[in-house]
Every structure is written in structure tokens, then in C-alpha cells.
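Student: Given only the sequences and the hints, what does the whole structure look like? Please build it.
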Amino acid sequence: MFRWIIALCLLSAACAPVSEPPTAPQQAAVLPDWNMTIEGHSVRVHLVAPDTPPPWPTAMLLHGASGLGRGFMVWPVADALAERGVAAAVIEYFDALPDNVPRKGAVRHFERRERLIGQMVNHLLIKPEVMGPEVGVYGYSLGAFHGLALAAKDPRIAAVAALAGGLPRHVPVSAVARAAPVLLVHGTRDRVVPYSRARETEMAWQTHGRPASVLQLKNTGHVPAPTDRKRLAAIAADFLAKELLFQVASLP
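According to this note's numbering, the sequence shown is numbered sequentially starting from 1.
Honestly, the hints are just simulated from the structure, not real lab data.
Positions of the beta carbon are idealized from the N, C-alpha and C atoms, including for glycine.
Errors might be hidden in some of the hints.
To be verified - Label pairs and their in silico Cβ distance ranges:
1. P128 / V214: 31 to 39 angstroms
2. F246 / E200: 25 to 33 angstroms
3. R156 / E200: 19 to 27 angstroms
4. P53 / R191: 43 to 51 angstroms
5. A65 / P172: 22 to 30 angstroms
6. P55 / N35: 17 to 25 angstroms
7. T227 / R112: 31 to 39 angstroms
8. A106 / E39: 13 to 21 angstroms
9. P53 / R169: 42 to 50 angstroms
10. G221 / R169: 17 to 25 angstroms
11. H109 / V173: 22 to 30 angstroms
12. P32 / D228: 26 to 34 angstroms
13. A175 / Q119: 16 to 24 angstroms
Tutor: If you want it as C-alpha cells, here you go:
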């Protein structure tokens with residue numbers, strides 16, 4: 001239903017292909033341009049918006065270590081969020097790193113990416129179409145690690161849905177004292193990011209009395225099966241929409 005919204009990004013090889021034909025370009029052209037300039041680098045942001053007028057509760061979606069690629073772990077969540085009245089900003093955050101940086105998803109660049117993603121939150125929150133003062137985050141794999149670091153350290157984060165990630169080792173457990181609520185979705189047979197990382201993260205949140213829940217995916221590896229992705233997207237979107245709408249209802 002919302003695939004026409006991302007028609008502008010179909011010129012990029014990094015965008016997910018769609019089976020249905022795109023709607024006329026003039027419909028997509030009315031969307032706001034959410035691309036950003038971060039430390040002199042142009043960062044692509046693909047907006048999937050609700051049918052309702054802005055401002056919208058908004059979530060940023062962060063891809064894994066191999067980049068956005070076909071986006072099969074991201075686009076279903078973006079569509080599900082839009083169906084629930086939440087704008088989804090799919091951010092190609094590797095764009096903020098210089099072209100000469102090898103392996104942009106490498107661990108050694110984590111804190112640098114973390115700083116840059118913090119600036120991306122700034123850019124989202126100043127947009128008139130974004131209903132602040134907080135945003136949600138969905139992250140897959142490396143994006144989930146970044147989302148959980150934001151949840152622990154950035155008070156502007158309302159909630160994080162993390163798939164196949166964990167709290168980064170450099171983030172002290174003490175930082176979780178005021179952390180945002182998190183949903184941790186993880187496969188028990190994940191050989192890239194062990195399931196134990198989800199349990200460690202849950203324990204860090206529970207130690208400080210912060211809301212955290214784990215959805216265990218039995219007999220699932222790092223990449224859930226295609227038959228499970230729509231269901232998991234709905235679960236992540238339900239969680240983020242509920243938390244974001246709670247924040248909206250709490251505004252004075």
C-alpha cells in the first residue's frame with residue numbers, strides 16, 4: 001500500500017525492488033525531502049509516510065553491516081509503521097562516512113558511526129513533519145546495536161525494536177539507568193550475534209528497572225526466514241507505534 005512512497009529511491013541500486021508498478025512520479029514528488037548533510041556528506045533518507053497529514057510520530061530505521069542492499073529486513077517494518085500512523089525514515093547511515101573508509105560496518109568505526117547517527121536524530125527532530133520531542137528506532141544486526149546504544153544514552157529516543165543485536169560492550173550498564181523501553185527479537189541459532197547477547201541486554205535493562213522484553217525465535221539464525229518477516233515486522237511496528245503514541249498522549 002505504501003510502496004509508492006519510496007518511488008523516488010528506485011533510481012538507486014540500494015533500494016528494494018518491488019513487484020507492483022510504481023505510481024505516477026508526481027504523487028511521490030509531493031513528499032518532503034529528508035536527505036541530510038552530516039559532516040559534509042550527503043546521507044540518503046527514504047521516507048515511508050502514513051496517509052494522514054503531518055506532523056507524524058516518527059521512527060528511524062537502521063540497516064545492518066552490509067548496508068541497506070535490497071532492504072528485505074527494513075522495508076516491511078517501514079510499511080508496517082506507516083500503516084500504524086508512524087512515519088519511517090530509512091537512513092543509509094554509511095553515507096556519512098568518507099568514501100575512503102574501508103569496511104564501513106567494521107567494529108572499529110562503531111563510536112564514529114554512533115556520533116554521526118546522533119546528528120541524524122538532530123536532523124529528524126527539527127523537521128516540521130516530525131512530531132517530537134522523541135523518535136523511535138528500529139535496527140537490524142549492526143543497526144540494532146546502534147539502536148540499543150541510542151536507547152541507553154540518548155533521552156530523545158522513545159523506544160527501540162532491535163532484531164539480532166545487543167548492547168555494545170563499550171556502553172556501561174550504568175548508562176541504562178534512564179534507558180528507553182526496548183524489544184529484543186533474536187534467533188536462538190544466531191551464529192553471527194549469539195542469542196546470549198539479547199539476554200545480557202535484557203538483564204542490563206532489568207537491573208535498572210527499565211522496560212525490556214525478549215521475543216525468542218526458536219531454531220532461527222541471524223536472518224529470519226522470508227515467511228516470518230512480515231509477522232516480525234508487524235510485531236516491531238506494534239511495539240514502536242504503541243510507545244510513540246504513548247509519548248504523544250503524554251504531551252502537555
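Student: Are the hints correct? Go through all of them and say.
Tutor: Comparing the hints with the structure gives:
The hinted window of 31 to 39 angstroms between P128 and V214 holds, with their beta carbons roughly 37 angstroms apart. Distance hint check: the CB atoms of F246 and E200 are about 27 angstroms apart, consistent with the given range 25 to 33 angstroms. As the Cβ distance of R156 to E200 is approximately 25 angstroms, the hint placing it in 19 to 27 angstroms holds. Our hint of 43 to 51 angstroms for P53 and R191 holds, since their Cβ atoms are close to 45 angstroms apart.
Distance hint check: the CB atoms of A65 and P172 are about 24 angstroms apart, consistent with the given range 22 to 30 angstroms. For the hinted restraint 17 to 25 angstroms between P55 and N35, the CB-CB distance of approximately 19 angstroms keeps it satisfied. Here the CB-CB span from T227 to R112 is close to 37 angstroms, well matched to the stated 31 to 39 angstroms. Take A106 and E39: their Cβ atoms lie about 18 angstroms apart, and the range 13 to 21 angstroms holds.
Taking the beta carbon of each, P53 and R169 are about 43 angstroms apart, inside 42 to 50 angstroms as hinted. For the hinted restraint 17 to 25 angstroms between G221 and R169, the CB-CB distance of approximately 22 angstroms keeps it satisfied. For H109 and V173, the Cβ-Cβ distance of about 23 angstroms falls inside the hinted range of 22 to 30 angstroms, so the restraint holds. Between P32 and D228 the C-beta distance comes to about 33 angstroms, which sits within the given range of 26 to 34 angstroms.
Distance hint for A175 and Q119: a CB-CB separation of about 19 angstroms, consistent with the stated range 16 to 24 angstroms.
The structure agrees with every numbered hint stated previously.
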